[in-house]
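Protein chains in written order, with our numbering: chain A, 1 to 254; chain B, 1 to 268.
The reader is advised that the hints may include incorrect statements.
Subject to a maximum C-alpha distance of 30 Å in a straight line, what follows is the list of computed DSBU-like cross-link-like pairs (lysine-lysine) [claimed, not checked]:
| # | chain 1 | residue 1 | chain 2 | residue 2 |
| --- | --- | --- | --- | --- |
| 1 | B | Lys-136 | A | Lys-94 |
| 2 | A | Lys-186 | A | Lys-148 |
| 3 | B | Lys-136 | A | Lys-148 |
| 4 | A | Lys-148 | B | Lys-109 |
| 5 | B | Lys-248 | B | Lys-261 |
| 6 | A | Lys-248 | B | Lys-111 |
| 7 | B | Lys-24 | A | Lys-94 |
| 8 | B | Lys-109 | B | Lys-161 |
| 9 | A | Lys-7 | A | Lys-94 |
| 10 | B | Lys-109 | A | Lys-248 |
| 11 | B | Lys-190 | B | Lys-111 |
| 12 | B | Lys-161 | B | Lys-111 |
| 13 | A | Lys-186 | A | Lys-7 |
| 14 | B | Lys-192 | B | Lys-109 |
| 15 | B | Lys-111 | A | Lys-148 |
| 16 | B | Lys-136 | B | Lys-161 |
| 17 | B | Lys-136 | A | Lys-248 |
| 18 | A | Lys-148 | B | Lys-24 |
| 19 | A | Lys-148 | B | Lys-22 |
Source of the hints: derived by calculation from the structure; they are not laboratory data.
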Amino acid sequence: MPSKIGKGGALLISLASVFLFVAGWEIVCRMGVIEPLFMPAPSRILWRAQKMIEAGTLLQHTLASARRVMVGFMVSSLVAIPVGILIGSSRFLKAIFDPFITLLRPLPSMSWIPLSLLWLGISETQKYSIVFMGSFAPSLLYIIEATKNIDPLLIRAARNLGASQVDVMREVILPGALPQIIAGLKVMLGIAWTCIISAELVAAREGLGFMIMNGKEYFQTDTVMLGMVLISLTVMIIDLVFRRFERKLLPWTR
Amino acid sequence: MDQVGGSPKISLVNVTKVYHSKDKGDVQALKDLSLDIRDGEFVVIVGASGCGKTTLLNLVAGFDRVTSGQVLLDGQEVTGIEPECGMIFQQYALFPWKTVQENVEFGLKMKRWSRSRRRERAGRFIDMVGLTGFEKAYPHHLSGGMKQRVSIARSLATDPKVMLLDEPFAALDAMTRQVLQEQLVRIYEKHKKTIVFITHSIDEALLLSSRIMVMTARPGRIAQEIINDLPHPRNADVQLSERYMELKRTIWNSVQAEVLKSMEVETR
Numbered sequence: 001m002p003s004k005i006g007k008g009g010a011l012l013i014s015l016a017s018v019f020l021f022v023a024g025w026e027i028v029c030r031m032g033v034i035e036p037l038f039m040p041a042p043s044r045i046l047w048r049a050q051k052m053i054e055a056g057t058l059l060q061h062t063l064a065s066a067r068r069v070m071v072g073f074m075v076s077s078l079v080a081i082p083v084g085i086l087i088g089s090s091r092f093l094k095a096i097f098d099p100f101i102t103l104l105r106p107l108p109s110m111s112w113i114p115l116s117l118l119w120l121g122i123s124e125t126q127k128y129s130i131v132f133m134g135s136f137a138p139s140l141l142y143i144i145e146a147t148k149n150i151d152p153l154l155i156r157a158a159r160n161l162g163a164s165q166v167d168v169m170r171e172v173i174l175p176g177a178l179p180q181i182i183a184g185l186k187v188m189l190g191i192a193w194t195c196i197i198s199a200e201l202v203a204a205r206e207g208l209g210f211m212i213m214n215g216k217e218y219f220q221t222d223t224v225m226l227g228m229v230l231i232s233l234t235v236m237i238i239d240l241v242f243r244r245f246e247r248k249l250l251p252w253t254r
Numbered sequence: 001m002d003q004v005g006g007s008p009k010i011s012l013v014n015v016t017k018v019y020h021s022k023d024k025g026d027v028q029a030l031k032d033l034s035l036d037i038r039d040g041e042f043v044v045i046v047g048a049s050g051c052g053k054t055t056l057l058n059l060v061a062g063f064d065r066v067t068s069g070q071v072l073l074d075g076q077e078v079t080g081i082e083p084e085c086g087m088i089f090q091q092y093a094l095f096p097w098k099t100v101q102e103n104v105e106f107g108l109k110m111k112r113w114s115r116s117r118r119r120e121r122a123g124r125f126i127d128m129v130g131l132t133g134f135e136k137a138y139p140h141h142l143s144g145g146m147k148q149r150v151s152i153a154r155s156l157a158t159d160p161k162v163m164l165l166d167e168p169f170a171a172l173d174a175m176t177r178q179v180l181q182e183q184l185v186r187i188y189e190k191h192k193k194t195i196v197f198i199t200h201s202i203d204e205a206l207l208l209s210s211r212i213m214v215m216t217a218r219p220g221r222i223a224q225e226i227i228n229d230l231p232h233p234r235n236a237d238v239q240l241s242e243r244y245m246e247l248k249r250t251i252w253n254s255v256q257a258e259v260l261k262s263m264e265v266e267t268r
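Here chain A stands alone, though its shape is the one from the complex (with noise of 0.2 Å):
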């Protein structure tokens, strides 16, 4: 059947949709169905996010996981990026590089969550460091696949028009390849969140996978959920950032 739906009348829906569940979901609590402990009303979420706001403890535990994901993700990006494009115009550099990526890309983040606190404790650093871990392999394995989509016609208009190796890496690869690039960073950055969100469960004292463990430890159910709903939110903001970002870095595409 063809859609009649436009633009805004898909987002009046979608408004209906959510305002409809929030409002189920409060009436089913307010009549007792369900054990507060196990499932609190919306209403008493909002009650505990006023709460935390007015103690500070939100802020503070929100951007304690946002600037965790910022500086592990930025640093695993820099040095994937140069990285994957020297590893993606060299044959010989890949076949060095090659079987450390394919032993390291399959462990996941989770796993390098006890040697990093053997190593350097439940400090930053260990933060970084298990952001850094989940995000490099795959980020330089969507690098590396990036560089194989640029069209050698432009590296031979680029070396005939006196390029050297490495004005093609930069002229050439780089730029043509950015878009991918972008899009893989995207999807690596939601990673990058589960990373430090399972890295903050385990051992933390703040952050927003504490707040959620801690909640848990005093039978907050509603702090827990506030704190999922917290994350949901974050991931929203910094993608729509990234989007004006990415529009910005690519006038091209426009």
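Starting from the known structure of chain A, fit chain B onto it as the hints suggest.
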């Protein structure tokens, strides 16, 4: 072949090129091909598709190595990518992430020219190909004809002694093609470049060239060489003249024989 005396600009001596491919085995693209091109000539190479015309250009530009024989530029053997030979591709090969201005500046940037000098020189060549006002446009906003003009300006900005054009106008509509052909002739007359131009259009060959080479079917060799003595400018009158028809018939007979041969090879 050397009528003016002195050494030729480009010289191919007994060039053979064999490609190794997994599914087709060894493919002989060129066999014992010899060819001299003098400074300032406009040589057009005509031949059936797949006869190794592009291979020939790639060898001169240094993108590819000969299997045996020699490619000489100014008497020196071509051993690497040759910046003296500006290449124009059928698919334009513009950098999509660079504006017209940045594309034309590219070769100068590679020579580490300052921004202001680059801008000034690129502006001159953008003007020469009639694209003033499009400096800030990205290639995907341009028509095919405009893209090829950017590509020509980009190559000329680096002032190559030789221009190699690989079916540059084949993807364009007839009117745009005619405009660009005339523009190329003007550039040739003004800048005194040596030009090697590949096409499968006999009319294009007759309009542009000072000399025409017909290539054989694969493996490619020179089947026939024709001095194009048609008067300039080669307007409609020239194109209807007896001499034009005669040359066209000669080339067509020669090309046709080679096309038939190459079709036999393919169906075998």
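Violated hints - listed by number, lowest first
1, 9
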